[in-house]
Amino acid sequence: MPKKTIDIQPNLTHLAILNEHGEVDESLAPKLDGDTLVTMFRHMLATRRLDERMINMQRQGRIGTYGPSRGQEASQVGTAMALRPDDWTAQAFREMGMTLTRGWLMDLTLYFWGGYEEGNAVAEGHNDLPIAVPVASQNLHGVGIAWAMKIKKKDSVCITYVGDGGTSEGDFHEAMNFAGVYELPLIFIVQNNQFAISHPRRKQTKSRTLAQKALAYGFDGVQVDGNDVLAVYSATRDAVEKARKGGGPTLIECVTYRLSMHTTADDPTRYREDEEVKEWEKRDPLIRFAKYLRNKGVLDDASIEGIENDIKEEIAAAITRYENYEGLDPLDSFKYILADLPADLRAQQEEFITALRNEGQMSH
Amino acid sequence: MPKKTIDIQPNLTHLAILNEHGEVDESLAPKLDGDTLVTMFRHMLATRRLDERMINMQRQGRIGTYGPSRGQEASQVGTAMALRPDDWTAQAFREMGMTLTRGWLMDLTLYFWGGYEEGNAVAEGHNDLPIAVPVASQNLHGVGIAWAMKIKKKDSVCITYVGDGGTSEGDFHEAMNFAGVYELPLIFIVQNNQFAISHPRRKQTKSRTLAQKALAYGFDGVQVDGNDVLAVYSATRDAVEKARKGGGPTLIECVTYRLSMHTTADDPTRYREDEEVKEWEKRDPLIRFAKYLRNKGVLDDASIEGIENDIKEEIAAAITRYENYEGLDPLDSFKYILADLPADLRAQQEEFITALRNEGQMSH
Amino acid sequence: MASVNMVKALNLALTELMREDENVTLLGEDIGLDGGVFRVTEGLLEEFGGDRVIDTPVAEAGIIGAAIGMSIYGLRPVCEMQFSGFAYQAFHQIEGHLSRYRARSRGRFSVPMVVRMPYGGGIRAIEHHSESREAIYAHTPGLQVVVPSTPRNARSLLRASMLSPDPVIFYEPKALYRAFREEVPDEPEVHPLGKAQVVREGSDITLIGYGAMVRVLQEAAEDLHDQDGVNAEVIDLISLAPMDTETLVNSVAKSGRAIVVHEGPRRCGIGAEVAARLAESALDHLEAPVRRITGFDVQFPYFARERAYMPNSDRVVHAARELLEY
Amino acid sequence: MASVNMVKALNLALTELMREDENVTLLGEDIGLDGGVFRVTEGLLEEFGGDRVIDTPVAEAGIIGAAIGMSIYGLRPVCEMQFSGFAYQAFHQIEGHLSRYRARSRGRFSVPMVVRMPYGGGIRAIEHHSESREAIYAHTPGLQVVVPSTPRNARSLLRASMLSPDPVIFYEPKALYRAFREEVPDEPEVHPLGKAQVVREGSDITLIGYGAMVRVLQEAAEDLHDQDGVNAEVIDLISLAPMDTETLVNSVAKSGRAIVVHEGPRRCGIGAEVAARLAESALDHLEAPVRRITGFDVQFPYFARERAYMPNSDRVVHAARELLEY
Ligand SMILES: Cc1ncc(C[n+]2csc(CCOP(=O)(O)OP(=O)(O)O)c2C)c(N)n1
Ligand SMILES: Cc1ncc(C[n+]2csc(CCOP(=O)(O)OP(=O)(O)O)c2C)c(N)n1
Ligand SMILES: [Mg+2]
Ligand SMILES: [Mg+2]
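One line per chain: the protein sequences are A, B, C and D, in this order. Okay, so the first sequence: first residue is 1 according to this note's numbering, each after it adds one. Okay, so the second sequence: first residue is 1 according to this note's numbering, each after it adds one. Okay, so the third sequence: first residue is 1 according to this note's numbering, each after it adds one. Okay, so the fourth sequence: first residue is 1 according to this note's numbering, each after it adds one.
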């Protein structure tokens with residue numbers, strides 16, 4: 001009949017490999033060949049450049065409101081690089097870097113923020129769910145996918161993304177709990193970019209880390225330097241390997257920072273200090289990774305310029321296709337609502353066609 | 001750039017004071033006078049006897065489906081005894097022992113399970129929310145009450161109850177998180193009675209204890225022997241005192257057992273072994289507490305018989321009032337929907353009155 | 001041929017398709033070991049095992065959200081919400097995702113999944129266990145909503161729902177679960193989604209309902225016939241979304257009078273939609289106002305007051321007489 | 001007198017009551033430091049402090065559920081759902097508790113609380129940011145549902161809602177937030193809950209709508225007048241629950257023709273309720289079918305397709321001509 005402390009044997013680790021000066025802890029660094037490292041860098045840079053261009057396009061009125069990724073390239077690319085094509089992802093809405101790494105055309109980014117459903121028309125063969133706007137809701141879809149994989153006895157895994165803000169939602173909890181109970185091959189990537197719009201991390205939850213939330217569900221949590229692509233990759237790869245072998249879920253908190261605004265409609269000066277942003281700019285994931293790759297001799301000025309040019313062309317081509325797109329048919333609303341259009345919807349479609357004709361909104 | 005274990009400094013304790021043989025750990029036992037101990041016992045016994053009678057009444061068709069408390073008397077009474085009248089509770093649906101301790105008439109129990117809203121018409125002056133059927137939803141109302149107390153600078157606290165099963169719901173998570181962030185004077189009592197209907201505790205969550213879920217929200221968790229009323233009382237009192245002083249929330253997991261069926265509509269033999277029930281019957285909270293009080297000289301055969309008789313009379317009187325109740329007016333549905341009945345609802349009420357008259361369902 | 005009640009009929013439909021398609025997977029609270037609180041899934045855990053009949057924690061958003069992911073991966077989940085009154089915990093998953101994946105992804109992903117929910121009054125249950133809120137789902141684009149009214153159509157409708165390429169909210173009138181038995185054929189049948197059924201022909205007045213209210217209408221029609229010599233046509237809507245306007249309009253074209261009946265609240269209920277379709281497409285046939293006999297716009301009472309509250313055949317008969325004299 | 005837009009008018013109503021009643025407490029995501037994503041709560045944190053203007057984590061059920069508890073303890077919370085499309089996360093708290101505490105406790109507890117939700121299309125937003133689902137709340141007994149259409153009635157209606165002893169869903173047409181300005185008096189006004197308003201008198205046809213659609217109707221009425229010499233009456237419903245049947249019936253008694261317009265889906269929408277009330281209480285006056293011009297029963301499209309999708313005055317004018325020729 002004692003009063004005793006309960007030992008829950010937490011397995012909670014923190015991981016950092018590549019520091020702000022481009023130096024790595026060789027004992028922890030993943031063994032990646034030069035090509036892979038360059039691919040990683042290319043995806044990160046493409047993310048950065050497309051992001052810059054998207055903000056630009058928004059300012060010019062060529063797309064709608066846009067949600068930037070700046071600062072989070074390591075978290076997005078590093079996690080996606082640890083997956084195979086038969087693995088799946090269930091994203092939120094700020095994972096452009098992940099989608100590019102998974103091979104999505106840049107066109108989809110443009111379409112999505114340009115206001116076309118085409119931006120969520122994930123291409124056949126890409127095992128990634130479209131953008132899910134309601135915060136944390138996608139975590140449960142990740143649960144379902146991982147669960148189906150397990151039932152079907154696949155050795156595939158699923159990654160589901162969520163923001164620091166998203167961990168406050170009930171859906172995150174239910175997803176974490178299901179993942180734990182059923183020991184699913186699911187990895188939760190929390191991109192802790194320090195803000196839910198204006199609401200800072202420390203006011204979102206009283207827990208010291210987000211990683212420790214895994215303890216409530218009986219599985220492991222890892223906190224990584226989310227601006228260190230090697231640590232992000234390494235932690236994800238370990239979690240993926242564990243999951244493939246039936247070891248169940250892992251929560252990985254990527255500690256990073258949203259260097260840009262929440263969306264182009266947001267004014268971050270209302271709620272945070274420039275000083276803080278400047279501090280985090282020093283920890284830019286791209287700069288440190290480039291330094292490391294230069295030091296390592298994997299990249300130099302010329303090769304970087306080559307990559308920059310490739311990316312520029314890729315972006316330009318995507319924008320051209322986006323701006324010359326002629327597929328904008330309002331009737332698509334009826335085309336994709338149900339596999340077979342029932343009679344009452346057919347009547348509504350007729351009504352819609354008549355209205356569009358009257359209004360000159362439809363040519364044919 | 002290390003890989004290191006994160007220390008989250010958990011404050012997680014386990015507490016047990018009174019064992020199955022009626023022996024106490026004096027160093028931990030709360031200092032309660034004889035009258036208080038007898039009151040505690042009386043509430044526990046009243047809960048047991050009314051519970052038995054309710055099952056009986058259900059079998060005779062005198063009330064509807066009923067959800068028993070048997071085995072959970074210590075968790076319910078012990079927690080409620082730690083409160084003041086200006087404190088509040090936000091219950092689920094299996095807290096009859098708590099309501100009796102808080103001074104509710106037995107009539108309300110009868111009305112509720114007899115199908116009358118009157119069972120949730122909490123008397124003025126009783127600071128307790130009515131029964132909340134949707135699992136875990138009441139936890140958020142507890143948050144709001146505790147929050148209002150804090151804003152109003154009261155030194156009151158709120159207890160909110162939830163079952164083991166309820167901890168799987170999103171509402172539980174959001175409530176825990178708000179309680180942590182805003183450091184609310186709120187105590188979460190998890191009555192872990194080992195089942196959510198047929199679903200056993202171990203299949204509900206992978207975490208070793210339910211108490212450790214508090215760590216995800218940055219506050220303390222306590223696991224107590226929920227069949228030990230002294231431990232339950234003591235842990236609750238400590239949490240209440242901490243909360244009154246601005247120390248924030250606590251999660252208390254009362255490890256207990258639902259000795260009876262989920263409701264009278266349930267057949268527990270479908271999902272659990274009699275052996276297990278027998279094991280838990282040995283840990284009956286009433287038996288051990290009675291033993292202790294007898295040993296201590298606070299109770300004897302005569303005084304127990306006196307209490308039994310008082311309870312019998314109280315139950316009989318309540319049943320008489322319930323069965324002779326003449327307040328059953330179907331129009332109450334319109335009386336309590338909104339403070340002021342708008343025109344379209346007045347028209348519906350007229351329609352209802354006409355129908356009831358036609359059907360002889362209304363005398364006047 | 002076997003004579004079964006609705007619980008058994010539903011169980012049969014599940015068993016049949018689970019045998020035919022190994023992707024059919026059931027999820028819900030207490031559906032495995034316990035066989036479901038209404039026993040609809042009784043025996044399925046034993047036959048199909050824990051990977052296909054999954055007992056879940058108490059987490060409705062979890063159930064629906066996870067099943068959405070499973071559907072996308074290729075399974076065909078059938079979820080049970082223990083009572084329709086606890087499906088609101090999952091409403092954001094239903095509104096935000098279940099109904100949308102096809103449109104959102106332009107057909108790349110679809111969610112061929114069924115959500116079964118027992119609904120309605122008449123079983124002397126506590127709060128939240130007797131409500132009807134089918135209109136909320138019918139109002140949500142992308143969902144199909146159906147309600148059986150007999151054991152036989154319960155089976156054929158559940159089969160059709162499970163075979164549908166798109167999500168179906170399968171609203172089960174729990175008052176009918178064990179109310180009566182009906183012969184069902186040996187071979188499974190499929191009731192086409194979207195079709196209403198004339199369950200009694202007549203040309204004097206049209207009585208429209210679904211689920212447990214169909215019996216109320218049939219009783220009213222009998223009374224009208226026996227007592228007033230009136231021939232009422234009774235339409236069982238069966239499908240609330242889509243809704244079979246044609247069958248409604250054809251009937252009212254004959255009868256010129258319509259009453260629509262449901263348990264759920266009146267404001268913006270299914271009755272409103274039926275009345276609106278008639279006011280739009282059958283106005284010239286209408287010889288009397290369209291009457292709604294429904295749950296009132298108040299909370300469904302605790303069960304001591306439920307008999308008074310629920311629509312019954314007396315109310316239908318009274319309204320019919322008023323309309324016939326109009 | 002000041003000339004303000006709807007954002008400012010709402011801000012004014014909040015400020016006024018917060019000054020008068022220290023129990024008024026605001027909760028929501030980004031409403032404090034950031035002033036709300038639409039700036040409706042701008043400046044309130046500074047004036048009233050963090051105990052009364054509370055920035056919450058992203059947890060809608062948490063916001064509504066906690067506010068219910070606060071109300072019961074004696075505060076008067078006004079919650080902001082950042083967009084109506086994220087209120088479904090809290091729907092179980094709304095349906096299960098916000099609407100029920102008074103009935104459940106036989107008046108011992110009540111929940112005098114307002115839930116503000118920006119709704120509707122026309123702002124080129126991403127998915128879930130343009131929908132209208134007012135009918136779901138109107139279908140839920142125990143809730144009052146109102147929609148302002150101008151800065152002035154936004155202020156008077158929000159004040160009335162905050163003074164109501166029962167919960168109000170305050171649906172804000174975000175397309176109107178900064179669309180135009182209107183003079184508002186120095187002293188606060190109260191728009192009685194439950195009352196519709198005739199915003200343009202006429203006797204040839206009745207056009208019914210609310211929120212952002214009122215301007216569409218006014219434009220249509222102008223066109224009908226200028227081009228066809230037709231005098232349309234325009235009714236701004238304002239209150240969807242309760243609904244002001246009398247004003248509707250009186251108008252149709254004059255005009256014999258009605259069109260109802262809203263952005264939300266048609267099936268079981270507010271238009272269905274309006275049409276049903278007319279089919280019930282104004283049938284003899286109706287000289288033509290009741291027409292609904294509404295969102296279709298499909299997902300609200302992403303914004304490149306929204307102009308085509310949304311109801312507009314051309315559609316109203318066309319329908320009016322058809323009804324007038326009927
Ligand atoms: C359920 C829900 N509530 C509110 C919103 C509005 N919203 C969009 S993003 C956001 C903050 C999310 O923060 P976080 O999860 O940290 O992701 P981040 O934006 O930082 O990537 C909010 C509140 C939403 N999309 N979904
Ligand atoms: C949101 C919700 N889902 C489902 C139910 C049906 N239900 C009633 S009690 C119960 C199990 C609850 O288990 P627990 O929280 O452990 O409480 P206990 O019954 O053991 O007291 C369930 C699933 C409900 N009431 N509410
Ligand atoms: Mg964030
Ligand atoms: Mg339990």
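Hints may be right or wrong, so weigh each one.
Derived lysine to aspartate or glutamate pairs resembling EDC-like cross-links, with alpha carbons at most 20 Å apart [said to hold, decoys possible]:
| no. | chain 1 | residue 1 | chain 2 | residue 2 |
| --- | --- | --- | --- | --- |
| 1 | B | K4 | A | D310 |
| 2 | B | K3 | A | D25 |
| 3 | A | K203 | B | D220 |
| 4 | D | K195 | B | D220 |
| 5 | B | K4 | A | E308 |
| 6 | A | K3 | B | D344 |
| 7 | A | K152 | C | D284 |
| 8 | A | K3 | B | E183 |
| 9 | A | K203 | D | E46 |
| 10 | B | K153 | D | E325 |
| 11 | A | K152 | C | E22 |
| 12 | B | K152 | D | D186 |
| 13 | A | K3 | B | E26 |
| 14 | B | K152 | D | D204 |
| 15 | B | K4 | A | E326 |
| 16 | B | K4 | A | E124 |
| 17 | A | K153 | C | D21 |
| 18 | A | K154 | C | E306 |
| 19 | A | K3 | B | D155 |
Which bits of chain C does chain B cover? Going by a derived footprint, with three or more residues having C-beta under 8 Å, they are [what the hints assert, rightly or not]:
| no. | region |
| --- | --- |
| 20 | 17-23 |
| 21 | 47-59 |
| 22 | 119-126 |
| 23 | 145-152 |
| 24 | 288-301 |
The hints are simulated quantities; they were obtained by calculation from the structure and are not laboratory data. Glycine is no exception: its CB is placed at the ideal position from the N, C-alpha and C atoms.
Can the region 119-126 of chain C be counted as covered by chain B under the rule of three residues or more with Cβ-Cβ separation shorter than 8 Å? This one holds; 3 residues, not fewer than the three required, reach chain B with a Cβ under 8 Å.
Below or equal to 20 Å on CA atoms is what counts here, so check K3 of chain A against D344 of chain B. violated, 61 Å
Does E183 of chain B lie within 20 Å of K3 of chain A when you go C-alpha to C-alpha? violated, 25 Å
Satisfaction of hint between D220 of chain B and K203 of chain A, Cα-Cα up to 20 Å: holds, 18 Å
Residues of the region 288-301 of chain C with Cβ under 8 Å from chain B, three needed, outcome: holds (count 5)
Assess, step by step, whether the Cα of K154 of chain A is no farther than 20 Å from the Cα of E306 of chain C, and give holds or violated. violated, 51 Å
Next pair to validate is K152 of chain A with D284 of chain C; report whether the Cα-Cα distance is within 20 Å. Status violated; Cα separation ~58 Å.
Would the hint linking K3 of chain A and D155 of chain B be met if the CA-CA limit is 20 Å? violated, 28 Å
Decide if the proposed pair is consistent with the structure: K203 of chain A and E46 of chain D, CA atoms, cutoff 20 Å inclusive. holds, 18 Å
Holds or violated: the region 17-23 of chain C covered by chain B, criterion of 3 or more residues with Cβ-Cβ distance under 8 Å? violated (count 0)
Does E26 of chain B sit within 20 Å of K3 of chain A, going by the straight-line distance between their CA atoms? Holds. K3 of chain A to E26 of chain B sits at ~12 Å (cutoff 20 Å).
Does the structure keep K4 of chain B and D310 of chain A at a Cα separation of 20 Å or less? Given that 20 Å is the threshold and the Cα spacing comes to 40 Å, the pair is violated.
Of the numbered hints listed earlier, those contradicted by the structure are 1, 4, 5, 6, 7, 8, 10, 12, 14, 15, 16, 18, 19, 20 and 23.
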